[in-house]
Amino acid sequence: MRRARRLRSTALALVVPVAAMLPLLGGCGIPETDVIEAGGPASVQAFFNRDSDMLLFFRAPDGGMSPVIRTPDRDPGATAGPIPTEKIIQALLDGPRDEDRAAGLTTALPAPGTGPTIEVDPSPGRVTTRLPLSVKNLNAAALRQLTCTIAYSEDPDGQAVVQLTGHDGASRSGTCGLAL
Amino acid sequence: MSTGDTGSTGSPASPVPRRSPRIRAFGLRTRLLLAFLLVAAVSAGTTAALTYREARTAVLQTAQDTAVSSFREQVQQRGFGLPVREDGGGLEEVLRDIARKGKPHPWVVFAEYGSVRASSGENPVSTVITPELRRAARADPHGSFERVVKDGVPYLTIAMPTVFKTGPDNLLPSGLVLYAVMPMTDEQVNVDALLMAARDGALPGLAVALIPGLIAARSVLRPVRELRQAAGSMGSGRLDTRIPVRGSDELADLAHTFNESAAQLERSVRELREAEARARRFASDVSHELRTPLAGMLAVTEVLDEDADGLDADTARAVRLVSAETGKLAVLVEDLMEISRFDAGAAELNTDEVDVGEAIRKSLDNRHWTDDRVRTDLPTGIRARLDPRRFDLVIANLVGNALRHGSAPVAICLRTETRSADTDVLITEVTDSGPGIRPDSLPHIFDRFYKADAARTRSAGSGLGLAITLENVKLHGGTIHAGNLPEGGAVFTVEIPLRVEGAGG
Numbered sequence: 165m166r167r168a169r170r171l172r173s174t175a176l177a178l179v180v181p182v183a184a185m186l187p188l189l190g191g192c193g194i195p196e197t198d199v200i201e202a203g204g205p206a207s208v209q210a211f212f213n214r215d216s217d218m219l220l221f222f223r224a225p226d227g228g229m230s231p232v233i234r235t236p237d238r239d240p241g242a243t244a245g246p247i248p249t250e251k252i253i254q255a256l257l258d259g260p261r262d263e264d265r266a267a268g269l270t271t272a273l274p275a276p277g278t279g280p281t282i283e284v285d286p287s288p289g290r291v292t293t294r295l296p297l298s299v300k301n302l303n304a305a306a307l308r309q310l311t312c313t314i315a316y317s318e319d320p321d322g323q324a325v326v327q328l329t330g331h332d333g334a335s336r337s338g339t340c341g342l343a344l
Numbered sequence: 007m008s009t010g011d012t013g014s015t016g017s018p019a020s021p022v023p024r025r026s027p028r029i030r031a032f033g034l035r036t037r038l039l040l041a042f043l044l045v046a047a048v049s050a051g052t053t054a055a056l057t058y059r060e061a062r063t064a065v066l067q068t069a070q071d072t073a074v075s076s077f078r079e080q081v082q083q084r085g086f087g088l089p090v091r092e093d094g095g096g097l098e099e100v101l102r103d104i105a106r107k108g109k110p111h112p113w114v115v116f117a118e119y120g121s122v123r124a125s126s127g128e129n130p131v132s133t134v135i136t137p138e139l140r141r142a143a144r145a146d147p148h149g150s151f152e153r154v155v156k157d158g159v160p161y162l163t164i165a166m167p168t169v170f171k172t173g174p175d176n177l178l179p180s181g182l183v184l185y186a187v188m189p190m191t192d193e194q195v196n197v198d199a200l201l202m203a204a205r206d207g208a209l210p211g212l213a214v215a216l217i218p219g220l221i222a223a224r225s226v227l228r229p230v231r232e233l234r235q236a237a238g239s240m241g242s243g244r245l246d247t248r249i250p251v252r253g254s255d256e257l258a259d260l261a262h263t264f265n266e267s268a269a270q271l272e273r274s275v276r277e278l279r280e281a282e283a284r285a286r287r288f289a290s291d292v293s294h295e296l297r298t299p300l301a302g303m304l305a306v307t308e309v310l311d312e313d314a315d316g317l318d319a320d321t322a323r324a325v326r327l328v329s330a331e332t333g334k335l336a337v338l339v340e341d342l343m344e345i346s347r348f349d350a351g352a353a354e355l356n357t358d359e360v361d362v363g364e365a366i367r368k369s370l371d372n373r374h375w376t377d378d379r380v381r382t383d384l385p386t387g388i389r390a391r392l393d394p395r396r397f398d399l400v401i402a403n404l405v406g407n408a409l410r411h412g413s414a415p416v417a418i419c420l421r422t423e424t425r426s427a428d429t430d431v432l433i434t435e436v437t438d439s440g441p442g443i444r445p446d447s448l449p450h451i452f453d454r455f456y457k458a459d460a461a462r463t464r465s466a467g468s469g470l471g472l473a474i475t476l477e478n479v480k481l482h483g484g485t486i487h488a489g490n491l492p493e494g495g496a497v498f499t500v501e502i503p504l505r506v507e508g509a510g511g
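So the sequence lines, in the order shown, correspond to chains U and W.
So that you can map any letter, position 54 of the first sequence is 218 in the working numbering, and since no number is skipped, the others follow by simple counting.
So that you can map any letter, position 29 of the second sequence is 35 in the working numbering, and since no number is skipped, the others follow by simple counting.
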């Protein structure tokens, strides 16, 4: 009985320091880690010039918005300055080109129907547009494509509230919300 | 003097076996050393482990920070057209360029944009980058890294989402995410070197800890050893043993207590011895004092005995009774004085070389035991150095006892035997033909005034005969043994070593 207790206390005296040291010894070599955030993103040069380029938003394979810079051929004699928003919307509605498709980009917008022309009515912080398509049937990705393309064509920070009105009379409004 | 179960006496006490191997499995020294080693191991191990962890963290942190910041820097110097083209856009060229400039080691750089996958290496898609890192890079545009161990090789994987300017102060995620994968083999080598250094530092520490452990064990063990030796020497009778008291620790207290106990023990033993000596002196004095009046009384009773025939019958009986009892008293006083001499250590052995068989025959002759009550088997030519007077007493006492308490015939047998250790012993056996000694009497048969038969309180003997016999045999360095024959009859066996001079006494 006493002997057993003594043995137990001896064992305890041995085990406790060893157990205390185990977490310290744990993991020789280089252990794995979780994902650790380390600073901001890398800011790259995308050669975007507001005066000559348009910024279109297509759908990436993972569902996100991918901006595409497209430099249209200028009509000779056209006035310098930003490309009109109507023209940019028309380019978006025309859908991704071959190089965009090659990168896996798609559009959620339906092919443009014939109908009323595109009208853009900008005011500070708000853009109202009339579109030659049915807004009611557009899904979230399509709405976002339109909203972001219009917002960034009107404003370099893309913060404007965009109201979309279709030929079906339905109306949606929202902001792009992609900026950092 | 206590006697054994079989009545054997005088055999030397066997020494208690001493357990004193120098190094015991779990002795004090081992335990102290183990305790020191344990403490040293815990402290050295903890220190080494903490140092190792900190140093490893620093090494890895430096490598990671360098890699992440230089990757961001490299990426920021590049331009990418949107959409990113997989073919002909020179994307792989750009990735290879970034990879070459990787710090602290070259990276493998991967690019992911939409469905475009490209890399600076052979495979366009990395097998090391985890889905978690991809998800984190897609979910919010922050640089992030993850350490991954694949097939035992640690890799640093960095995800760097890219953004571009839409205005002077406006940034927009481009959808292009660049990944860098850097094998951390150099860091692993460094970390392994750290581990080696920690181990090589801790192990000599343990070895060094042995030295104070040994010194501490010595400082504890030396007083313990002294204590053990002192206790041993006290046990062997040297009661004046004392331990030097050093310092003022617990062991010094123990030594002090030991010394005090030893002093008290010595005092008690001295008092006991003095009391015993007083008692012996008293018995000796009493017998001495009794001898003189007894001598007078013996002379008177002899005269009375001679004249008893002339007295009337009653007076004559009384006179003869007084005479007989006075004779017994004289024998008792003589025996008491003999025993007192033994007790006082004053008994001396006056040895002479004798023919033992002849000596026994003479003893029997002197007491007229020559008829067929006593049968002898006495080979001639056995010579030994004995005290003839004492040996005569022994034989006479044993034979007398056998005749008195046992019954005739009594056999005396003499022989020699060679015992181990090359010692010859002289064996004298006295056997009677009586009923033997009761087993419960055997252990006490040599006690003083012990009467084997309680009813026969008044025997012819003084009650000291066997005690004196025992003392005489012991004085010769021998042993005496009482027992019973299987067919009945008591046997007294006297063994005296041959060629021993002046033993005992």
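In case anyone wonders, no lab produced these hints; they're calculated from the structure.
Beta carbons: idealized from backbone N, C-alpha and C, even for Gly.
Incorrect hints may appear among the rest.
To be verified - One side of the interface only, derived from the structure: several residues of chain W facing chain U at Cβ under 8 Å:
hint	residue
1	Gln67
2	Thr68
3	Val74
4	Leu88
5	Glu152
6	Val195
7	Leu201
8	Met202
9	Phe288
10	Asp398
11	Leu420
12	Arg421
13	Thr424
Next item on the list: Mind checking the CB of W/Glu152 against every CB in chain U and telling me if the closest is under 8 Å?
Entry: 5 Å, holds
Item checked: Interface hint status, W/Thr68 versus chain U (Cβ within 8 Å) -> 13 Å, violated
Next item on the list: So, W/Leu420 near chain U? Judge it on the closest CB pair being under 8 Å.
Entry: With Cβ-Cβ at 57 Å, over 8 Å, it is violated.
Note to self: Can you verify the interface hint for W/Phe288: is its Cβ closer than 8 Å to any Cβ in chain U?
What the structure shows: 51 Å, violated
Notebook entry, point to check: Under the criterion of a CB-CB separation shorter than 8 Å, is W/Met202 in contact with chain U as hinted?
Noted result: 11 Å, violated
Check: Do the numbers back the hint for W/Gln67, that is, is its least Cβ distance to chain U under 8 Å?
Finding: 11 Å, violated
Margin query: Hint W/Arg421 vs chain U: min CB-CB distance below 8 Å?
Written below: 54 Å, violated
Notebook entry, point to check: Regarding the hint that W/Asp398 lies at the interface with chain U, is the smallest CB-CB distance below 8 Å?
Noted result: 61 Å, violated
Check: Would the hint on W/Val74 stand, with a C-beta cut-off of 8 Å toward chain U?
Finding: It holds, given that the least Cβ distance between W/Val74 and chain U is near 5 Å, below 8 Å.
Next item on the list: Would you check whether W/Val195 satisfies its interface hint, that is, whether its CB is within less than 8 Å of any CB in chain U?
Entry: Result: violated, 10 Å to nearest chain U Cβ.
Item checked: Hint validity - W/Thr424 Cβ closer than 8 Å to any chain U Cβ -> 49 Å, violated
Next item on the list: So, W/Leu88 near chain U? Judge it on the closest CB pair being under 8 Å.
Entry: 5 Å, holds
Of the numbered hints given earlier, the model fails hints 1, 2, 6, 8, 9, 10, 11, 12 and 13; all others are met.
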